[in-house]
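Participant: Residue strings, one per chain:
Protein chains: 2
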Amino acid sequence: MRATLSWLLHDWLDVGALTARPRFSEHTRETFESVLDVSERLARDKFAPHNRLVDLQEPHFDGERVHLPAQVEQALQAYVDAGLSLAGVDAEHGGMQLPFAVEMASTSMFHRASVGIGAYVMLAHGNAKTVQAHGTAAQIAAFAQPTFEGRYFGTMCLSEPQAGSSLSDIATRAVPDGEGSQDDPLGPRFRLKGNKMWISGGEHDMGENIVHLVLAKIPGPDGRLVPGVKGISLFIVPRKLVRADGSLSGERNDVSLAGLNHKCGYRGTVNTLLNFGEGRFPVKAGGDDQGVPRGPGLDGQGAGAIGYLIGQPGKGLAAMFTMMNGARIGVGLGAVMLGYAGYEASLDYARNRPQGRALGAAGKDATQPQVPIVEHADVKRMLLAQKSYCEGGLALELFCARLIDEQDTGTPEAADEARLLLEVLTPIAKSWPSEWCLEANSLAIQVLGGYGYTRDFPVEQYWRDNRLNMIHEGTHGIQGMDLLGRKVIMENGRGLMLLGARVQQTIGQAGEFAELKEQARALGAALGRVAQVTQAAWQGGDPQRSLANATPYLQAFGHVVLAWLWLDLAATAQRQLPQATGEQADFLKGKLAAARYFFRYELPKIEAWLAVVESRDDTCLNAQPQWL
Amino acid sequence: MRATLSWLLHDWLDVGALTARPRFSEHTRETFESVLDVSERLARDKFAPHNRLVDLQEPHFDGERVHLPAQVEQALQAYVDAGLSLAGVDAEHGGMQLPFAVEMASTSMFHRASVGIGAYVMLAHGNAKTVQAHGTAAQIAAFAQPTFEGRYFGTMCLSEPQAGSSLSDIATRAVPDGEGSQDDPLGPRFRLKGNKMWISGGEHDMGENIVHLVLAKIPGPDGRLVPGVKGISLFIVPRKLVRADGSLSGERNDVSLAGLNHKCGYRGTVNTLLNFGEGRFPVKAGGDDQGVPRGPGLDGQGAGAIGYLIGQPGKGLAAMFTMMNGARIGVGLGAVMLGYAGYEASLDYARNRPQGRALGAAGKDATQPQVPIVEHADVKRMLLAQKSYCEGGLALELFCARLIDEQDTGTPEAADEARLLLEVLTPIAKSWPSEWCLEANSLAIQVLGGYGYTRDFPVEQYWRDNRLNMIHEGTHGIQGMDLLGRKVIMENGRGLMLLGARVQQTIGQAGEFAELKEQARALGAALGRVAQVTQAAWQGGDPQRSLANATPYLQAFGHVVLAWLWLDLAATAQRQLPQATGEQADFLKGKLAAARYFFRYELPKIEAWLAVVESRDDTCLNAQPQWL
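Those protein sequence lines, which keep their order, are chains D and X.
Numbering-wise (the numbering used here), the first sequence opens with residue 16 and increments by one.
Numbering-wise (the numbering used here), the second sequence opens with residue 16 and increments by one.
Read the hints as simulated data drawn from the structure, not as lab findings.
Just so you know, not all the hints are guaranteed correct.
The list makes no distinction among identical chains, and a pair is therefore deemed to hold if it is satisfied within one copy or across any two copies.
[What the hints assert, rightly or not] Heads up, simulated DSSO-like pairs for lysine-lysine below, C-alpha to C-alpha not over 27 Å straight-line:
1. Lys255 x Lys299
2. Lys620 x Lys532
3. Lys620 x Lys604
4. Lys245 x Lys379
5. Lys379 x Lys255
6. Lys330 x Lys604
7. Lys532 x Lys379
8. Lys330 x Lys245
9. Lys299 x Lys330
10. Lys330 x Lys144
11. Lys379 x Lys330
12. Lys330 x Lys255
13. Lys379 x Lys620
14. Lys532 x Lys604
The model shown is predicted, which means the values in this text are computed figures rather than measured ones.
Please model the complete structure; the sequences and the hints are all you need to start from.
Facilitator: Following this line, the structure appears as structure tokens:
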């Protein structure tokens with residue numbers, strides 16, 4: 016995997032070119048590689064050995080404390096000690112100031128080793144980035160910086176028991192915390208009350224603090240919450256209270272654990288139901304510690320979680336999308352790396368497991384020794400499928416990361432183009448690996464047969480872990496609606512056109528290689544179909560009908576994006592092949608075989624998905640609940 | 016589900032017509048329904064309540080005994096007490112002499128309630144049927160009858176650690192057990208030595224005995240095993256020894272537990288590695304109990320498991336296929352019912368979970384109350400998909416059961432036709448639900464969102480349980496090879512032609528309904544494609560290349576079979592609809608909607624699978640291991 020990672024970063028994405036930009040001018044290809052070396056070693060030594068442990072010893076709550084295996088904190092501490100939590104942070108704040116693409120390449124190795132442990136890193140990072148993007152200097156110093164430094168952890172608190180995918184229905188209330196609350200140095204101070212569901216990393220004793228980013232509604236003058244997402248604001252709610260200078264006051268905030276969710280997989284990451292402001296940990300006016308200003312609380316007795324408004328009131332969802340978009344790409348990366356881990360495990364097994372024989376013209380010769388199962392066409396099919404899903408998925412996530420670098424450090428035109436491409440690609444980056452790298456995990460189990468179904472091998476755990484990814488950070492259905500209902504039509508379809516131009520560019524380049532002409536043609540046709548079908552979906556009004564098949568649209572779109580990436584990778588490989596020998600030639604032929612697999616076995620699937628979108632099929636829309 | 020089950024049995028398969036046959040003449044539609052009533056109640060009361068328990072308390076071995084939750088034995092005892100283990104057995108042997116289709120309908124409800132507990136029933140039943148088909152009268156009396164009566168359990172011992180899918184490589188040896196071993200009243204007596212892997216129900220304390228059916232090889236005069244499947248014989252190896260009259264002698268046979276397999280799911284069924292004949296429980300010549308004749312054993316000290324040859328030497332695999340074919344349909348049924356259980360759970364959830372709102376021309380109105388998620392098109396899509404997979408799968412399994420009844424009680428021509436159709440359909444009956452009802456379980460999780468991923472709801476367990484079904488009783492890859500490599504070409508393709516004629520008949524009947532003309536046309540085209548592609552696959556010699564894409568062929572073939580069944584069901588529903596009102600009309604409209612879903616969303620998928628078979632695509636075949 017390391018070879019592929021470096022090949023994607025350097026030979027395909029040319030991240031070395033970023034060192035010409037002022038922000039990355041201290042870096043070289045060698046510094047990038049050394050970060051990957053450290054990451055690979057740490058992931059292998061500190062994360063991977065505990066991945067089964069965190070599955071078997073899932074978090075438990077004894078009524079007072081949440082218990083995680085000690086190895087989780089040790090692994091995360093090793094990550095912090097290596098400075099990796101500061102990978103993307105400005106040098107002036109102690110960071111490495113690395114490109115995001117390199118940071119993500121580093122992260123990928125931790126996800127591969129243990130996604131359940133790695134998720135804490137991803138959550139903390141996304142949290143701090145959001146505070147950095149929307150917070151005041153004081154908020155950044157008090158909350159983002161310690162998180163970047165690995166001293167604090169972070170969460171995102173969106174869902175509520177009655178509001179899962181429908182954020183407009185959240186009922187957590189935030190009211191100003193008495194006199195002077197608008198003048199708190201850490202930002203307008205509120206008291207929050209409500210219940211938040213599915214909060215990963217919501218409660219544990221690791222690190223010095225947990226920074227919750229919480230969506231809540233500020234009631235209007237009539238005391239009622241504003242319906243819809245317009246009423247949503249974003250708050251920083253620390254688990255332990257901090258003084259204006261960012262130091263811990265020693266008090267707990269009124270945030271308590273209502274319970275843990277016991278999951279099918281991804282058990283390394285504790286998942287919680289949190290009660291904000293129920294009065295379990297009152298923060299009284301004039302309490303023991305005067306370091307944190309506060310009002311009397313919601314009941315006069317200190318009930319209500321202290322929270323600081325971040326950004327503008329009513330703009331909370333937009334601010335949270337800084338974290339959500341990052342998290343969506345992060346989820347996609349996690350899905351990819353679970354798939355990758357399974358691919359590697361099943362490849363290793365297939366190379367070493369003798370079973371069966373080749374079929375000759377006269378059938379099989381039972382007197383001959385058995386062959387390793389990697390020799391069987393059907394096993395190779397399952398391995399090539401995994402390879403095409405996982406390496407393609409990795410290319411997709413790194414491509415998105417590279418766009419984020421462009422957005423951050425490119426010319427204004429390039430940055431704007433990158434922003435728009437990211438809008439269109441984010442639903443794919445999140446959903447596609449969630450679906451297909453899960454399928455990769457299922458194929459990995461299949462390669463191992465009965466062994467794959469046991470806990471003696473890691474692949475069944477990868478499969479269980481990966482099943483979460485189609486659900487959190489916006490379900491598959493939500494991603495489909497986002498893509499077809501918003502992203503491909505926003506700015507008059509400019510994002511889709513930009514993407515189309517990039518695809519055409521690849522088609523042109525690949526078409527120069529005789530070996531890739533067939534694939535270039537197929538991609539051109541597929542692109543045309545997507546454009547055609549996108550238009551057809553929106554013909555005739557009635558958005559409900561247009562969007563009734565948003566998920567099949569998402570699936571088809573994803574496969575076309577992946578075909579594009581594979582053709583681009585294939586062109587890169589084809590370009591290098593004449594100079595390559597030995598292992599490097601095999602490496603490149605592997606990329607070409609995976610690309611060919613994707614074009615022959617996968618891309619043709621799009622027609623079945625597109626047909627229902629194009630015809631605006633109403634079978635599902637019009638099915639009556641009482642028929643089911 | 017009960018309504019669908021009865022509709023399939025009576026309105027579609029007309030099992031009532033079987034009562035005109037001598038074997039079933041004591042039965043009526045009412046006696047069939049009363050068996051289903053009892054089964055439904057027992058499954059609900061005695062099996063379903065413990066399904067999560069058997070997942071959480073997986074079997075464990077303390078070095079002496081295997082421990083299962085007591086509820087497993089209680090559930091199975093209740094099943095036996097109701098006489099259900101004797102459902103298909105001749106009246107003269109105390110049985111109900113029911114058609115297999117009705118027996119399977121009964122079984123289906125236990126699988127839905129708890130597949131892990133239900134599997135013991137299926138294994139015992141298949142085991143006894145095999146003894147009945149190939150054993151002597153004494154063997155049947157000693158081993159099959161007590162199993163039918165629910166006093167004994169049964170296993171099938173095929174795989175070995177070094178021989179999973181490749182049975183020709185089994186190394187378990189069976190040597191005659193000394194003087195007089197050929198004259199044992201229970202059949203030629205052998206001593207077996209070897210290791211058997213993946214043995215479900217291989218060790219536990221339930222019932223009075225466990226009858227192992229064991230594949231082993233009898234060495235030739237040179238002491239060597241015959242390579243290939245030609246050398247395989249089948250043996251009855253009881254866990255506890257029995258006397259010639261079938262009574263227990265009080266001795267253990269030399270079969271010992273080497274370990275348990277710890278599985279991802281399906282934990283209700285203990286899965287074992289068994290050592291035969293390692294001398295742990297020696298059966299010495301002239302031992303404590305003279306009731307069981309025996310020789311001195313492999314080492315002169317009684318090592319070697321006593322086994323009785325069943326059928327002819329070297330014909331063991333053919334005999335075992337009696338059990339295998341039944342087990343394959345049984346696995347398919349289990350997969351269907353896991354899917355069905357998930358469908359019902361997710362439908363129930365979708366009807367009761369408010370979330371989100373309909374999309375109007377002006378977007379969503381957040382001031383309106385939320386709607387149950389069953390109102391959303393994408394949720395209906397996921398429910399219709401599940402419905403089409405699971406009800407279609409149930410139709411498939413019952414259709415196969417009905418063919419078995421035809422084989423057993425039809426005219427010679429009808430029986431032969433049924434036999435051949437079963438040959439072709441068995442790989443589909445096994446593989447298709449294993450793949451698509453697993454997908455149904457994944458969709459059920461998706462409908463429940465985060466809740467579906469937790470142990471608070473049953474759907475994640477169904478999904479884990481179902482993942483086994485693509486592996487055991489012949490993997491997906493094996494089923495594909497069986498279908499394309501053997502079944503569709505055997506007897507000059509007569510099986511495929513027979514199936515084609517049945518499909519054409521349905522097309523003709525459905526075409527009479529204007530509402531089904533489009534579907535009838537689509538099925539006709541799909542059938543033509545399958546015929547064409549089957550031919551193309553076998554063009555040009557080189558069976559290895561013909562079979563390189565056997566799995567995509569299996570997938571496409573399966574989808575066409577299901578489309579056929581759905582069209583047949585739709586024609587039945589369409590015929591009844593004019594007379595139906597209220598709930599019954601909704602029921603029939605549900606069938607029509609599921610059929611339409613299948614034709615619009617699923618059947619078009621076949622083209623991508625068929626394309627690589629037709630072109631004899633060699634991408635996978637020729638991929639080199641070092642490229643991966």
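Participant: Given identical chains, is Lys255 near Lys299, meaning Cα to Cα at most 27 Å, within a copy, between copies, both, or neither?
Facilitator: within (14 Å within a copy, 73 Å between copies)
Participant: When no copy is named, should Lys620 and Lys604 be tagged within, between, both, or neither for a Cα gap of at most 27 Å?
Facilitator: within (24 Å within a copy, 29 Å between copies)
Participant: For the identical chains here, do Lys379 and Lys255 meet the 27 Å Cα criterion within one copy, between copies, both, or neither?
Facilitator: neither (69 Å within a copy, 38 Å between copies)
Participant: Could you place Lys245 and Lys379 in one of the four classes (within, between, both, neither) given a Cα distance threshold of 27 Å?
Facilitator: Classified as between: cross-chain Cα gap 13 Å, same-chain 69 Å, threshold 27 Å.
Participant: First find the shortest C-alpha distance between Lys532 and Lys379 inside one copy, then the shortest across copies, and answer within, between, both or neither for a cut-off of 27 Å.
Facilitator: Neither, since 38 Å and 46 Å both go past 27 Å.
Participant: Are the CA atoms of Lys379 and Lys620 at most 27 Å apart within a copy, between copies, both, or neither?
Facilitator: neither (33 Å within a copy, 33 Å between copies)
Participant: Taking 27 Å as the upper bound on the Cα-Cα distance, should Lys379 and Lys330 be classified as within, between, both, or neither?
Facilitator: Classified as between; 19 Å across copies, 68 Å inside a copy.
Participant: Pop the pair Lys330 and Lys255 into one bin, within, between, both or neither, using alpha-carbon distances up to 27 Å.
Facilitator: within (25 Å within a copy, 74 Å between copies)
Participant: State whether the alpha carbon distance between Lys620 and Lys532 is at most 27 Å within one copy, between copies, both, or neither.
Facilitator: both (20 Å within a copy, 25 Å between copies)
Participant: Checking Lys330 and Lys245: alpha-carbon separation at most 27 Å within a copy, between copies, both or neither?
Facilitator: within (7 Å within a copy, 75 Å between copies)
Participant: Within, between, both or neither: how does the pair Lys330, Lys604 come out at a Cα-Cα threshold of 27 Å?
Facilitator: Neither, since 50 Å and 46 Å both go past 27 Å.
Participant: Given a CA cutoff of 27 Å, do Lys299 and Lys330 count as a within-copy pair, a between-copy pair, both, or neither?
Facilitator: neither (29 Å within a copy, 84 Å between copies)
Violated hints, listed in ascending order, are 5, 6, 7, 9 and 13; each of the other numbered hints is respected by the structure.
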